[in-house]
Structure formats: C-alpha cells, structure tokens
Amino acid sequence: MASISLKGIYKIYPNGYEAVKDFNLEIEDKEFIIFVGPSGCGKSTTLRMVAGLEDISKGELKIDGKLMNDVEPKDRDIAMVFQNYALYPHMTVYDNMAFGLKLRKRPKEEIDQKVKEAAQILGLDQLLDRKPKALSGGQRQRVAMGRAIVRNPKVFLMDEPLSNLDAKLRVQMRIEISKIHDRLGATIIYVTHDQTEAMTLGTRIVVMKDGIVQQIDTPQHLYQQPGNQFVAGFIGSPQMNFLEAKIEKSGSDLIAKIGDADIVVPASKATKLEEGGYVGKTVTMGIRPEDIHDEEMFIDAHKNTVFESTIRVYELLGAEVFLYFDYAGVQLTARVNPRTTARTGDNVTFAFDMEKSHFFDKDTEVTITN
Amino acid sequence: MTEKERLLAQIEEKYGIPIAIPDGVDEEAAVKALTKMAGDEGEAAGSRPEPEDAKILQYLEGKQPPEEAARTEEALEREYAGIRATIYRIRLAAPTNEDVRRIIFGLAGEPSHLLKKSEKELIVIASAADIRTAEDLKERAVELADTLAADAMIGAVISVDTSINKMQELRKINAQAELAVIIGTRINPGETVYVYNELGTGKMLYRLTQEEKEEFLTDTLGSFRFAGLDQEMQMTIRTFFDADLSVTETARRLYIHRNTLIYRIDKLYKLTGLDIRRFNDAVAARLAFMVELLMGD
Numbered sequence: 001m002a003s004i005s006l007k008g009i010y011k012i013y014p015n016g017y018e019a020v021k022d023f024n025l026e027i028e029d030k031e032f033i034i035f036v037g038p039s040g041c042g043k044s045t046t047l048r049m050v051a052g053l054e055d056i057s058k059g060e061l062k063i064d065g066k067l068m069n070d071v072e073p074k075d076r077d078i079a080m081v082f083q084n085y086a087l088y089p090h091m092t093v094y095d096n097m098a099f100g101l102k103l104r105k106r107p108k109e110e111i112d113q114k115v116k117e118a119a120q121i122l123g124l125d126q127l128l129d130r131k132p133k134a135l136s137g138g139q140r141q142r143v144a145m146g147r148a149i150v151r152n153p154k155v156f157l158m159d160e161p162l163s164n165l166d167a168k169l170r171v172q173m174r175i176e177i178s179k180i181h182d183r184l185g186a187t188i189i190y191v192t193h194d195q196t197e198a199m200t201l202g203t204r205i206v207v208m209k210d211g212i213v214q215q216i217d218t219p220q221h222l223y224q225q226p227g228n229q230f231v232a233g234f235i236g237s238p239q240m241n242f243l244e245a246k247i248e249k250s251g252s253d254l255i256a257k258i259g260d261a262d263i264v265v266p267a268s269k270a271t272k273l274e275e276g277g278y279v280g281k282t283v284t285m286g287i288r289p290e291d292i293h294d295e296e297m298f299i300d301a302h303k304n305t306v307f308e309s310t311i312r313v314y315e316l317l318g319a320e321v322f323l324y325f326d327y328a329g330v331q332l333t334a335r336v337n338p339r340t341t342a343r344t345g346d347n348v349t350f351a352f353d354m355e356k357s358h359f360f361d362k363d364t365e366v367t368i369t370n
Numbered sequence: 001m002t003e004k005e006r007l008l009a010q011i012e013e014k015y016g017i018p019i020a021i022p023d024g025v026d027e028e029a030a031v032k033a034l035t036k037m038a039g040d041e042g043e044a045a046g047s048r049p050e051p052e053d054a055k056i057l058q059y060l061e062g063k064q065p066p067e068e069a070a071r072t073e074e075a076l077e078r079e080y081a082g083i084r085a086t087i088y089r090i091r092l093a094a095p096t097n098e099d100v101r102r103i104i105f106g107l108a109g110e111p112s113h114l115l116k117k118s119e120k121e122l123i124v125i126a127s128a129a130d131i132r133t134a135e136d137l138k139e140r141a142v143e144l145a146d147t148l149a150a151d152a153m154i155g156a157v158i159s160v161d162t163s164i165n166k167m168q169e170l171r172k173i174n175a176q177a178e179l180a181v182i183i184g185t186r187i188n189p190g191e192t193v194y195v196y197n198e199l200g201t202g203k204m205l206y207r208l209t210q211e212e213k214e215e216f217l218t219d220t221l222g223s224f225r226f227a228g229l230d231q232e233m234q235m236t237i238r239t240f241f242d243a244d245l246s247v248t249e250t251a252r253r254l255y256i257h258r259n260t261l262i263y264r265i266d267k268l269y270k271l272t273g274l275d276i277r278r279f280n281d282a283v284a285a286r287l288a289f290m291v292e293l294l295m296g297d
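Protein chains in written order, with my numbering: chain A, 1 to 370; chain B, 1 to 297.
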C-alpha cells in the first residue's frame, strides 16, 4: 500500500518567497499523479518535499498514514528518477543498476536477482555488460529507471525524466513508463512542464501556477471543464482561443457581442451568465481550435454563431489543418478537416460550436459556465 | 598481479565499487590516482606525495603561511599537470556520509579531492578534462546534484565558477563559487545549481553597503518595495525581464492574455512611476528588484 496525503503544505524560503502555498492532495495507492505547470510553478519543489530533499515549512505529509515530515529520505521507501540522473561512466549497466543496493549493503544474491528482474522489465538484459558511452539516449534513461526499480519502493518520484530526450524518443519512453506503472502497480508522482505528457500518462493531474494548485482532475475533465482561464489555456494544444465578449440580452436570447458578430449563447450557459450578473458586462470567452468550424453543414445548422475572417496562415499537418486568422483584435486558431478548401488569403466564414464554449470572469479569470 | 591491479582490487573492497581505467590513460597517472583513492600511505612507486586534504582546505581558505601555501600549490600543480580542474561547492541538506563520498568519487573523475568544510558543506576539486564549455560544467553540476538526490537521497545545492589550468587560480574560483551560492540563493532561491558567471549585475550589487542599497531603493522607488507585491506580480515582473521585455513572449510563458499582462505592467507603473516597457525604466526597476533581494546582509 502506498497512499500519500499532503495537507496544507507550504514551502517558504528564508527571504520570504513562497514557492508552494497550501498544497492539498490525497493520492490513492497505485495512482499515477502528474504535477504540471510552467517553469517556476512549484511542482518540483513539491516533489522534493515528498522525497524529503526539501524541508516542509508548514503542513503535513503522510505516506500510508505515517507522518513523514521529519523522516529521512532514505527511510521513506521511495525512489527517484531525475532529468539529469548521471550514469557512472566507468561502471557497466549491471553495476550502475546495482549501485544503490550496494550502498545499502544488500546481499549479493538479492542484488543480482533484482538487477536481472529490472533489466528484463526494461529490455536491458542484453546490455548489462555495456558501459554508458555505448548506450543510446533511450537506453541510458532506462538504466536510470532501472536504478529506481531495483529498490522496489512504495512510491516512484520522477522529475521531468524525459525532458532531455528528442520528441520521438519521448513518445516511446512515455509508453514504457506507462507499461512500468501497469506492471509494477506502484504509486507514481511525475513532474512535467509538458501538458501532452501530463494528459497521456496521468490518472489525475495537478495543475500548478505560482506555487498554488489551480485544479486537480482527470485529464478528460481538465480538458472539458477547466476551472479557470489559466488551466483552460495551459491544457490543450494548440492553446484555447480567448476573446472578449460583451454579454447582452436580445429578446429571450443572451448574446455575446464579439467583434462585429452577435453570437447566441446556448441556454445552459446563458443561465449561469445571467445568474452570475454578467448581463451588460464584458467577459472572456474561450473556444478550442477544434470547436471553430468552417464546414458548410455546420455553418448552416449554426447560423447564429457565424463570423467571417481572412486566413493569414494555412498549415497542413497531414490528418488535420490549422488555420490562423485574426478576429476582434485577437489571433485565433481553428483546427479543421484536411479536406477544407480554405487557403491563405481567403475570406472564410466560420461558426463557433457554442455548446463547447467556456466563459471566464474577466477579473478573477474563474470559470463562469462550467 | 601488477600494482594497478592490486590497487583496483583494494578499491573495490574498500568502496564496494568496481573501477575501470579507460584505455589510453597513462599508467603512472593511473597508479597515482588509484593510490590516493585506496588511501595507501606513503609513496607509490614512481610518484611524489600528494597534498593532504586538510592542507588543501587550509590553502583554499588562505589559512596557510606563504611558504606552506606555495608548497601546497606546487603539489597540486604536479598532480594536475596538463589537466584542467574545477571546483564544485556542495551544500547538503543533511550531514554527509560514505554514500555521498562514493557517489562523488564515482562521478568526479581523476584526479579529485573531496574536502569537508563542515558536516553539510563539501568542496570537491575535480578534473575538468572532458568539460569544454560553461554549459558542460553546469550540466555536470546538475547531474551531480540529481544523482546525490536519487542515490544518496540527500538534497544538494551546488555552486561552480569555471575550470582552470593553473592551480594559482584555484582559490579564486573557490571563492567565486562560494559567492555564487550566497548571492544566487537570495536572487533566485530554490535552484539546484548556481553559476558565478550567471549572476550578472547581482555580483556588483551584492558589494554595495547597506546604506548604498537603501539609498538606491529610496531614490528609485520612494517608499514602494517589491516585497509588498503578491507573488503573481513578482513572477510577472521577473518573467518580463527574462523575456527581454517582450510582451508577447512574457504572456506566452505565463499562459496569460497579453491584455492581462499589460494591465499588470500598468499597475506597476502606477505604483512606482516606472514603465518597464521602456528601457531605462526597466533597467532601474530590475536593479531595484535585485537590490531589494540582496538587502539584509
């Protein structure tokens, strides 16, 4: 069992800088939790507090119900994998993986068994006699993982382990890590700044900004129901489009005045805008690129969400096309079908899928309609 | 069994780590290095005595009389003849132990010295033979910190300056590496590695007296202080400077709308009279921001 509880956790440096503020999270056994956010958001600092490498300024950390605040890292039954984890250059793969167990003076037979088991899981069994300089980048990262796996810890803590790898290798290693999680059944806390990595690996994601948790949720909920504008913009690639919209009443309808267009707001969202007192006020509307359509059939069915613009850039990516254009003083991105006839310089009619739109308070940036 | 083989076996028994000597390494140099690692007293065949670590520490701290300092420097010069060297200053979160020692020797290359300034502060003189650039050196320091964290499970903050090929510069890079962590932890707390040459104007500003710092802050900001801003505003200002005053790039890094960023910059202008989109105001604000962080020595 390896449940982890973080309650009211703070990290405050001597100069008063609060790197982490009031972090609260309950992690169940075997969960794959991702901490994600931009550089400097406090995700690595939080991970290091769980590891015991940084003191906890305030709050309580428990692993399996036991208070860990003052427990030495080596006694927390954890193993760590870092981005810049060095392999000992003069040792073979076998000796690199055995190193941590030798430091702990484990018996030779136990070390041999664990190294070979981990090597088999990671596909390193044919490479045990090689030195690091004879390994590829992906193989080296597997050896780094192997050094953690042999310890058979309750919890794996991984801090951007794939950041030094090229894009193709990162995708391969993500799959490997996912398989390791399934096979070992361990609890994993994984830190990354890459939202794609977060979305593909995690069972739950903790989005952080400026030391504060923004939202904790499954990848799907984060994408479909972001709690604030930061989460909405951070999760999803390409980024969500944001426009200023003035909310006004038009007969029985609520409309969002965006640029020249009067866009009808669906009833489900209109209710929340009215109840929140936003009629007559300017809010921020968010719409994902895939929810801006240029197909004739969609436009015909959604004539009350239509607007026009001139394409500035057309980008064919094979299975999809990105169209970049300006509207209401903002650059927008639409993800459309590759069969589109729109090209750079064309004046195109678009329609928003307003059922998928999000509205945010302009001052607090909190979601109004989710 | 050759002397080299004997020493390799002795080291493996002592540390529990098998050591391999890369092809092409000079035999005499290898024996010298292995002798030191094995802790053999007296001279190995064909080598001269190496300076003891305690003496090297005194030398670095300027505590040796001139004649003795000259001898220590000469001994180091012989030991590192033709090899570039560097210093890693390591601040540990917990007292050092044998695991830390093994990891450092496993990574530092030969020749190397591990000097214990205190239970939590170590100075490592290491070979920089395969370090070609400043980025390489920083990367090595980060690797060392991460490996200490993962294998010895001890947090470490490491500071470096540069690599040298003359031992008479060793004291200078030691002092500058020490300054790097003192200044770096004030300006940018929470980093794992601090590099002296990355401190920029921080090095100059650190040397101002308290009175000079206070006078500069008052002249530039009046009674306003950046410490009174919330963390979001402070992060916004830092990011704006790091992004070379680009509104677009700053908004991208912070994942905010450019209008939100402009609103924050305007708010700072109302508080300070400094429009950080303008070069001279940005310079004044940045210097004041750093001086404020360096107050209190």
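Keep in mind that the hints were calculated from the coordinates and are not lab data. For glycine and all other residues, C-beta sits at the position ideal for the given N, C-alpha and C. Careful, some of the hints might be misleading.
Stated by the list, open to error - Listed below are the simulated DMTMM-like cross-link pairs for lysine to aspartate or glutamate, each with C-alpha atoms no more than 20 angstroms apart in a straight line: (1) A:K154 - A:E72; (2) A:K356 - A:E315; (3) A:K272 - A:D361; (4) A:K105 - B:E212; (5) A:K105 - B:E98; (6) A:K102 - B:E74.
Claimed, not checked - Now the in silico label distances, taken between C-beta atoms and shown as ranges: (7) A:E320 - B:Y269: 41 to 47 angstroms; (8) B:E135 - A:K356: 42 to 48 angstroms; (9) B:K4 - A:K7: 32 to 38 angstroms; (10) B:V25 - A:E26: 49 to 55 angstroms; (11) B:A9 - A:K7: 50 to 56 angstroms; (12) B:M204 - A:T271: 57 to 63 angstroms; (13) A:P89 - B:D275: 34 to 40 angstroms; (14) B:Y269 - A:P89: 50 to 56 angstroms; (15) A:I299 - B:V247: 45 to 51 angstroms.
To be verified - If we take Cβ atoms under 8 angstroms as the criterion, some of the chain B residues that face chain A in the derived model are: (16) A94; (17) P95; (18) A108; (19) E121; (20) T147; (21) A150; (22) D151; (23) M153; (24) I182; (25) R186; (26) A227; (27) Q231; (28) M235; (29) R253.
Against the structure, the hints come out as follows:
1. A:K154 - A:E72: 15 angstroms, holds
2. A:K356 - A:E315: 24 angstroms, violated
3. A:K272 - A:D361: Holds, at roughly 12 angstroms.
4. A:K105 - B:E212: 56 angstroms, violated
5. A:K105 - B:E98: 12 angstroms, holds
6. A:K102 - B:E74: 38 angstroms, violated
7. A:E320 - B:Y269: 41 to 47 angstroms: 42 angstroms, holds
8. B:E135 - A:K356: 42 to 48 angstroms: Taking Cβ atoms as reference, E135 of chain B and K356 of chain A lie about 44 angstroms apart, which means the hint holds.
9. B:K4 - A:K7: 32 to 38 angstroms: 57 angstroms, violated
10. B:V25 - A:E26: 49 to 55 angstroms: Given about 54 angstroms between the Cβ atoms, the range holds.
11. B:A9 - A:K7: 50 to 56 angstroms: 52 angstroms, holds
12. B:M204 - A:T271: 57 to 63 angstroms: 60 angstroms, holds
13. A:P89 - B:D275: 34 to 40 angstroms: 52 angstroms Cβ-Cβ, so the 34 to 40 angstroms window is violated.
14. B:Y269 - A:P89: 50 to 56 angstroms: Once the Cβ atoms are compared, 53 angstroms apart, the range 50 to 56 angstroms for P89 of chain A and Y269 of chain B holds.
15. A:I299 - B:V247: 45 to 51 angstroms: With Cβ atoms ~34 angstroms apart, the hint is violated.
16. A94: A94 of chain B check passes; min Cβ-Cβ to chain A is 7 angstroms, inside 8 angstroms.
17. P95: At about 11 angstroms, which exceeds the 8 angstroms cut-off, the nearest Cβ of chain A leaves the hint on P95 of chain B violated.
18. A108: For A108 of chain B, the interface hint is violated, since the closest Cβ of chain A sits about 11 angstroms away, which is over 8 angstroms.
19. E121: Check failed: Cβ of E121 of chain B comes no nearer than 17 angstroms to chain A, outside 8 angstroms.
20. T147: 5 angstroms, holds
21. A150: 4 angstroms, holds
22. D151: 5 angstroms, holds
23. M153: Because about 4 angstroms separates M153 of chain B from the closest Cβ in chain A, which is inside the 8 angstroms limit, the hint holds.
24. I182: 12 angstroms, violated
25. R186: Holds: closest Cβ of chain A sits about 6 angstroms from R186 of chain B, inside 8 angstroms.
26. A227: 7 angstroms, holds
27. Q231: At about 5 angstroms, which falls below the 8 angstroms cut-off, the nearest Cβ of chain A leaves the hint on Q231 of chain B intact, so it holds.
28. M235: 5 angstroms, holds
29. R253: With Cβ-Cβ at 6 angstroms, under 8 angstroms, it holds.
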